[in-house]
Amino acid sequence: MRIRFSILFFLLCMLPVNLLAQGNVGKANEYFETGVLYKALPLYLEILDNDPEVPNAHLYKFRVAECYRMANDADKACQWYEKSLVAGYYDTTINLNYAKMLLMTGNSDKAKTVLMGILLSDRDNVVARLYMEQCTFSSFTRGSLFTLFKVQNEERLNTEWNEFGICPFNEGFLFTSSRIAGNRDGIYPVNGHAFEKLYYTLWEPRNQIWADPVVLKGPINSDFNTGTFVFDKSRNEALFMQCNGYKGDEVSCDIYRSIRDATGNEWTKPERLNLGPTDFSYGHPSLSSDGNTLYFVSDMDGGVGGKDIWQAKRLADGVWGEIHNLGEPVNSAADEMFPFLFRDSLLYFSSNGHKGYGGLDLFFTWIEMDEYIDPVNMNPPFNSQTDDFGICLLEQDSGFLISNRPDGFGGDDIYSFFQMNLSIYISGLIRDKNSGTPVGNAYVMLSRDDGFRDSTITDSSGYYSFYSIEPNYTYVVTADKKGYLSDRKNISTIGVLDSLDNTNTTKRYLLDLALDLDFQLIKITSDEIEIPDIYYDFNAWTLRDTSKIALSKLLILLNANPNLMILINSHTDERGKDEYNMVLSQKRAQSVVEYLVKQGIQQSRLQSKGWGESKLIRKSAQTEEDHQMNRRTTFTILNPEELNDLSKNVPVNIQSETKQAVVVQEYHFRVQVAASKNPVEPGHFSQLENEIGAMKVDESYSADGYYRYSVGPFTDYKEVNKYKSLISRKGYNAFIIAYKDGKIIDLSKALKNMRNEK
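Residue numbering for the sequence shown follows my numbering, beginning at 7 and increasing consecutively.
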């Protein structure tokens, strides 16, 4: 059983008074009413087990459910809420609590039903409406998200008790734990754990393990509950949360400060910060980089909901003043806690009032001109159905979070997270559409809307690949070859699930084995080119929906080749009168043109011609298959000479003045490293240059509008191929470019000429 009544959630319970033995029922009720739920629970279970019809059984079942809810055992809480409702128990909180636990078990459909019942009688119940939004969010988003982050349990730090609030301190880390160490003195009567204390540990990089945690020495750790901690290095000042007071006679939580003497690792006696009225609670401190802005959590009056995030400014005399509530959109009608300020521009926090997956979820918001942008749910794997909170970033791509998800040790556990090095790649083959032969030295470009560009050239087998694919983008792959129509395909990495073993921290992931990224390029010719799967109803010229799907390929070709002008041809079979077939075919051809115009193609690029039965493929057709071959729609390129004269298909570089004085022979080679619409920052390739023997990466600007980056020149093909392989292993999409007298020529042609001239 995982008991969790820690100060994390401001369970501000009074310490129990001496209990009078009045039988199990009396003891159970008194334990429950004084907050000693870990003792109340087994007594209620024993009472109900001995006599299920005991007087007030419906109340005791509800209290069992409440004990499990507060212990964060959502499954058992749901079972006992159901039992108490069946037994006839009802109060104003049961259905809300029941719905919350259902969300934490992933049963959003049943939670909706429970919440609908609440809203039917109380349409203005704000919390019920918040939970209803969470139901929709949870069921819509779960299981469809892609992430590059790995979250793992830090087993050496966690126990069956609660561990939370980890943060960097000195050379190591501090965290809070309610673990019972040694004897059982100092047991917190609310939950049966030890009073929470700060522990210190070191990460040992050589052994890749955590050192055994030790209790932080000094007056910061009281005999009662000490929680989340933040340290201001510039002032040697710690701010931390303490509950129940240093004498154990208070029911609230407060933020205290203590000054550290670094030489002797001594702490001054903690002093309470005066942030507001003493009959409210304050906790979860987080500081700005200069230590002058404090974010904290409180339930004091003037907030938006239950527990809110507030801000305080340090005044000139060091006193904290100018306290104000962050308000919406950060705070909600429910609870917001555990603020963490990262680089003064991102505020992370946990909430059960914004759209999430159940329990507390992690969110972040940008701070712009002291305004807060609508919070963003961090999604799995950061969030789960259970409580996820207390994030601490070390860098933008790594840090810690706290969760009580089912795979933990029990209670709240410390998890680390880091971004995996995931290499996504695509590949394909380019062939001639008519002959099926490979198209070598075809130019393939990868692009996306933000201006990113990469390019490569197919090898002799028509093969190409890109290793520069990133998650959560939409890309366009364009295939070009002189003498062919350009073609393009769209791919998306949005919503891609990583199906590989997630124990690896570096992966190479093929985007989709079933993804068709092969191209069949159409030669620029004056011959008719068939458009397959264009169908009409009998004696009709209106396009069927299936025909519109088939025309999508032609639309792609027209958009990829903006100078292309075509004639749409329509042919009929030989059944029917000649004149009728001629009129029908003309109407059918025109219907294709009209459809293409509606899709944005300029009318001036399109013509139509109906040929009736004047160009039969199978004369005197006898079978339906032969008739179908005669009934066809094709297109003819109207300007093949103009298209063949265009040099758009070959990436000809206009070399800028070389940055080094180099004697270039008649034939030479370079290894292209990258291509981009925008020039890269100076020094971008410095690491690569060092790793490949300090060879300079040169920049050139090409007629097609791209900046290209390459190394060379090389006069020996074996040497250039060696460097190409070396650069490719560094993660670049490298390929070899051949030159003759300073102009790019076909690589295979250059090699052949060089062999013949020897």
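Read the hints as simulated data drawn from the structure, not as lab findings.
Careful, some of the hints might be misleading.
Pair by pair, the computed Cβ-Cβ distance ranges are [unchecked claim]:
1) G333 x F458: 30 to 40 Å
2) L644 x D455: 26 to 36 Å
3) N298 x Q402: 19 to 29 Å
4) T274 x L125: 35 to 45 Å
5) S351 x Q608: 23 to 33 Å
6) Q402 x L644: 48 to 58 Å
Cβ atoms here follow ideal geometry from the backbone N, Cα and C, with glycine treated the same way.
So which hints don't hold here, by number, going up?
4, 5
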